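Novice: Read off the chains here:
Number of protein chains: 2
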Amino acid sequence: MIRVGINGYGTIGRRVARAVSLQDDMIVTGIVKTKPDYVSMVASRDFKIFVPDKSYEKAFQDAGIKVEGTVENLIDDSEIIVDATPEGQGEKNKDLYVKRRIKAIFEGGEEPEIAQASFNAYSNFEEARSKDYVRVVSCNTTALARTLHPLRERFGIRYVDATIVRRATDPNDSKKGPINAVEPSLSIPSHHAPDLRTVMSGLNVSTIAIKAPTTLMHVHAVRVELEKDASKNDVIEAWRSYRRIMEIGKNSGITSTGQMMDLAREFGRDRSDLYEIAVWSQSVSVQGNHVSYIQAVHQESDVVPENVDAIRSMFDIADRDRSVSMTDSKLKIEKRVF
Amino acid sequence: MIRVGINGYGTIGRRVARAVSLQDDMIVTGIVKTKPDYVSMVASRDFKIFVPDKSYEKAFQDAGIKVEGTVENLIDDSEIIVDATPEGQGEKNKDLYVKRRIKAIFEGGEEPEIAQASFNAYSNFEEARSKDYVRVVSCNTTALARTLHPLRERFGIRYVDATIVRRATDPNDSKKGPINAVEPSLSIPSHHAPDLRTVMSGLNVSTIAIKAPTTLMHVHAVRVELEKDASKNDVIEAWRSYRRIMEIGKNSGITSTGQMMDLAREFGRDRSDLYEIAVWSQSVSVQGNHVSYIQAVHQESDVVPENVDAIRSMFDIADRDRSVSMTDSKLKIEKRVF
Chain A
1 MIRVGINGYG TIGRRVARAV SLQDDMIVTG IVKTKPDYVS MVASRDFKIF
51 VPDKSYEKAF QDAGIKVEGT VENLIDDSEI IVDATPEGQG EKNKDLYVKR
101 RIKAIFEGGE EPEIAQASFN AYSNFEEARS KDYVRVVSCN TTALARTLHP
151 LRERFGIRYV DATIVRRATD PNDSKKGPIN AVEPSLSIPS HHAPDLRTVM
201 SGLNVSTIAI KAPTTLMHVH AVRVELEKDA SKNDVIEAWR SYRRIMEIGK
251 NSGITSTGQM MDLAREFGRD RSDLYEIAVW SQSVSVQGNH VSYIQAVHQE
301 SDVVPENVDA IRSMFDIADR DRSVSMTDSK LKIEKRVF
Chain B
1 MIRVGINGYG TIGRRVARAV SLQDDMIVTG IVKTKPDYVS MVASRDFKIF
51 VPDKSYEKAF QDAGIKVEGT VENLIDDSEI IVDATPEGQG EKNKDLYVKR
101 RIKAIFEGGE EPEIAQASFN AYSNFEEARS KDYVRVVSCN TTALARTLHP
151 LRERFGIRYV DATIVRRATD PNDSKKGPIN AVEPSLSIPS HHAPDLRTVM
201 SGLNVSTIAI KAPTTLMHVH AVRVELEKDA SKNDVIEAWR SYRRIMEIGK
251 NSGITSTGQM MDLAREFGRD RSDLYEIAVW SQSVSVQGNH VSYIQAVHQE
301 SDVVPENVDA IRSMFDIADR DRSVSMTDSK LKIEKRVF
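Just so you know, the sequences run in chain order A and B. For the first sequence, UniProt numbering begins at 1 and goes up steadily by one. For the second sequence, UniProt numbering begins at 1 and goes up steadily by one.
No lab work stands behind these hints: they were computed from the structure. You may find that some hints are simply not true.
If you want the ones that stay clear, here's a sample from chain B, every Cβ over 10 Å from chain A, calculated [said to hold, decoys possible]:
(1) 73
(2) 86
(3) 116
(4) 236
(5) 282
(6) 287
Just a sample of chain B residues kept apart from chain A, beta carbon distances all over 12 Å, derived [as the list claims (entries may be wrong)]:
(7) 161
(8) 223
(9) 232
Below are the DMTMM-like pairs computed for lysine to aspartate or glutamate, each with C-alpha atoms no more than 20 Å apart in a straight line [as the list claims (entries may be wrong)]:
(10) 335(B) / 316(A)
(11) 54(B) / 95(B)
(12) 131(B) / 111(B)
(13) 232(B) / 153(B)
(14) 94(B) / 53(B)
(15) 330(A) / 266(B)
(16) 66(A) / 266(B)
(17) 66(B) / 266(A)
(18) 35(B) / 247(A)
(19) 66(B) / 77(B)
(20) 250(B) / 173(A)
(21) 35(A) / 266(B)
(22) 332(A) / 46(B)
(23) 332(B) / 266(A)
(24) 103(A) / 87(A)
None of the values given here were measured: they were computed from a predicted structure. Quick reminder that beta carbons are idealized off the backbone N, C-alpha and C, glycines included.
Using the sequences provided together with the hints, build the complete structure.
Specialist: Structure follows, in structure tokens:
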């Protein structure tokens with residue numbers, strides 16, 4: 001049983017904690033929280049709570065939440081830390097992990113240089129093998145790697161051009177905008193293109209990112225120039241053996257991210273999450289070697305299974321297909337075609 | 001075991017089906033769907049699917065979904081129908097229920113005259129006892145009845161004035177608006193005031209309804225003139241023995257409906273629902289016999305436990321407190337203070 005500590009229990013940390021706790025080969029040693037808010041109040045039923053340092057303890061005590069110790073205590077009781085602290089904080093935390101000689105996973109908000117390898121289970125599981133510091137790429141990069149990897153493997157890829165319509169913020173955030181404007185990121189390529197190359201080495205890719213006033217999902221319009229001609233059927237077939245890609249057909253009646261997340265609620269999973277990248281099969285269009293498709297990405301959860309697989313790769317306890325199968329089985333990810 | 005058929009499997013029908021299936025004293029005999037969409041695709045794993053009439057069968061067969069029969073077949077196999085069809089359709093369906101001599105529950109979109117009694121578990125459980133046709137009032141009316149009933153019981157109520165900031169539509173709907181305007185309902189009182197009197201007989205109440213561009217929850221600003229003076233503590237204390245009222249304190253850090261629904265996701269319930277009416281305890285303000293407070297209402301789910309209790313009242317198999325306890329226990333509704 002790999003002993004996993006979770007430093008940071010926000011959108012990603014909470015979900016990784018739950019996903020790890022569902023696996024047969026790993027357990028959660030505890031979580032680090034900074035505030036005794038509603039998330040801590042619920043979490044304290046399931047997980048041991050640690051704090052960054054002793055100065056945080058009193059607030060938790062006042063709120064009636066038991067604190068087990070500091071992050072150092074959590075590290076001492078763990079074999080790996082998943083650092084899901086806010087963007088940029090992981091870099092500050094790394095010194096501690098190095099000093100205490102503990103493995104660590106960082107999330108996509110950190111720079112690639114923080115880790116020995118960036119990670120996506122489908123496209124480069126092997127590169128994290130036995131590494132001490134690994135970074136799981138962001139939700140958007142994960143999504144692109146998921147659907148592009150099978151195409152690259154089957155047909156080869158000459159060029160990718162993706163337009164990423166980003167959700168403005170997460171559903172629990174009422175501070176950030178925009179609420180009534182569309183906000184393009186004016187430097188092209190957006191940071192997603194180089195980030196994608198950290199898990200799909202040498203990929204020729206450009207990306208444009210545009211923020212839209214929604215909190216539910218990202219939507220990607222992807223254009224791919226393959227190395228050889230394919231048919232629409234070939235493309236869909238290439239995705240068929242990958243459970244983390246979900247086909248959404250015309251009969252499903254799903255035409256928006258609103259319905260897509262409603263579908264996720266029907267699955268009965270933790271937090272009504274949608275781990276799969278949902279590709280509208282109706283949108284898949286092929287002309288010779290040019291493929292276009294549209295996919296929806298649940299930004300809160302698509303990286304969750306990736307974190308679990310990264311742990312297995314770093315401890316060298318399973319190969320890609322076995323790890324992905326174990327993770328998917330516990331998270332109720334099955335191949336679904338709608 | 002009471003045999004419950006669900007006619008209409010939209011926002012409310014799906015949730016009532018799940019809630020009924022979790023009880024020890026009732027089972028779901030089947031659900032009626034009109035389209036073989038994503039909801040049907042998932043539902044067919046758990047429930048028998050029926051259709052309004054034979055003309056609907058082919059579409060389901062083409063989508064590979066087994067149809068068990070028509071709504072008449074479902075009625076023949078059931079002891080009660082929960083009619084959660086779209087607003088106004090329940091009235092059309094009632095003839096069939098009368099003809100087939102089956103009990104039926106209607107939802108708040110129907111007119112009160114459709115039923116022998118309107119229903120809220122806290123305020124008038126007894127009025128549905130042994131009745132054949134009962135209407136569970138709408139989400140907003142349910143919410144008002146929940147928090148007003150304990151105040152009326154403890155202090156008496158002279159007058160209520162509530163402003164209802166309504167969510168524009170449900171999260172899975174991308175057709176309706178408004179998306180960027182606030183839309184007051186200009187007739188005062190809004191329909192909620194007379195509706196509330198159907199479950200709180202003789203209550204002196206006025207309501208104003210204003211639509212806001214959000215899909216998450218309704219928010220109510222409630223002002224109550226009690227028959228006698230009270231303190232803030234008295235008011236909160238009056239709610240304390242009611243599990244379906246949840247206290248949200250300042251330490252929780254919850255200041256918006258975004259965080260409120262995020263809290264619900266932490267509970268791990270079906271569809272991440274929030275059955276309780278969430279009252280911000282910080283907002284409770286009392287001056288003599290004048291009380292003000294703000295509450296948030298999850299429009300998709302607050303009526304779900306009410307439907308379960310209405311069934312028990314109609315079959316006269318439990319009194320209010322016993323039914324509510326049974327329902328709450330299976331839906332993981334416990335008294336929570338944040």
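Novice: Take the hints in turn and mark each one as holding or not.
Specialist: Each hint tested on the structure:
1. 73: Per Cβ check, residue 73(B) is outside 10 Å of chain A; nearest 24 Å; holds.
2. 86: The claim stands: residue 86(B) keeps its Cβ more than 10 Å from every Cβ of chain A (closest is about 16 Å).
3. 116: Since the minimum Cβ distance to chain A is about 34 Å, residue 116(B) lies beyond 10 Å and the statement holds.
4. 236: 17 Å, holds
5. 282: 14 Å, holds
6. 287: 29 Å, holds
7. 161: The claim stands: residue 161(B) keeps its Cβ more than 12 Å from every Cβ of chain A (closest is about 26 Å).
8. 223: Label holds. Min Cβ-Cβ 25 Å, cutoff 12 Å.
9. 232: Since the minimum Cβ distance to chain A is about 20 Å, residue 232(B) lies beyond 12 Å and the statement holds.
10. 335(B) / 316(A): 45 Å, violated
11. 54(B) / 95(B): 19 Å, holds
12. 131(B) / 111(B): Since the Cα atoms of residue 131(B) and residue 111(B) sit roughly 17 Å apart, the hinted pair holds (cutoff 20 Å).
13. 232(B) / 153(B): Measuring from Cα to Cα gives roughly 16 Å; hence the hint holds.
14. 94(B) / 53(B): The given pair, whose Cα atoms are some 16 Å apart, holds under the 20 Å limit.
15. 330(A) / 266(B): Measuring from Cα to Cα gives roughly 19 Å; hence the hint holds.
16. 66(A) / 266(B): Answer holds: residue 66(A) to residue 266(B) is near 19 Å, not above 20 Å.
17. 66(B) / 266(A): 19 Å, holds
18. 35(B) / 247(A): 19 Å, holds
19. 66(B) / 77(B): 17 Å, holds
20. 250(B) / 173(A): This hinted pair holds, its Cα atoms lying about 17 Å apart.
21. 35(A) / 266(B): 16 Å, holds
22. 332(A) / 46(B): Distance of about 15 Å is within 20 Å: holds.
23. 332(B) / 266(A): 18 Å, holds
24. 103(A) / 87(A): 19 Å, holds
Of the numbered hints stated above, the single one contradicted by the structure is hint 10.
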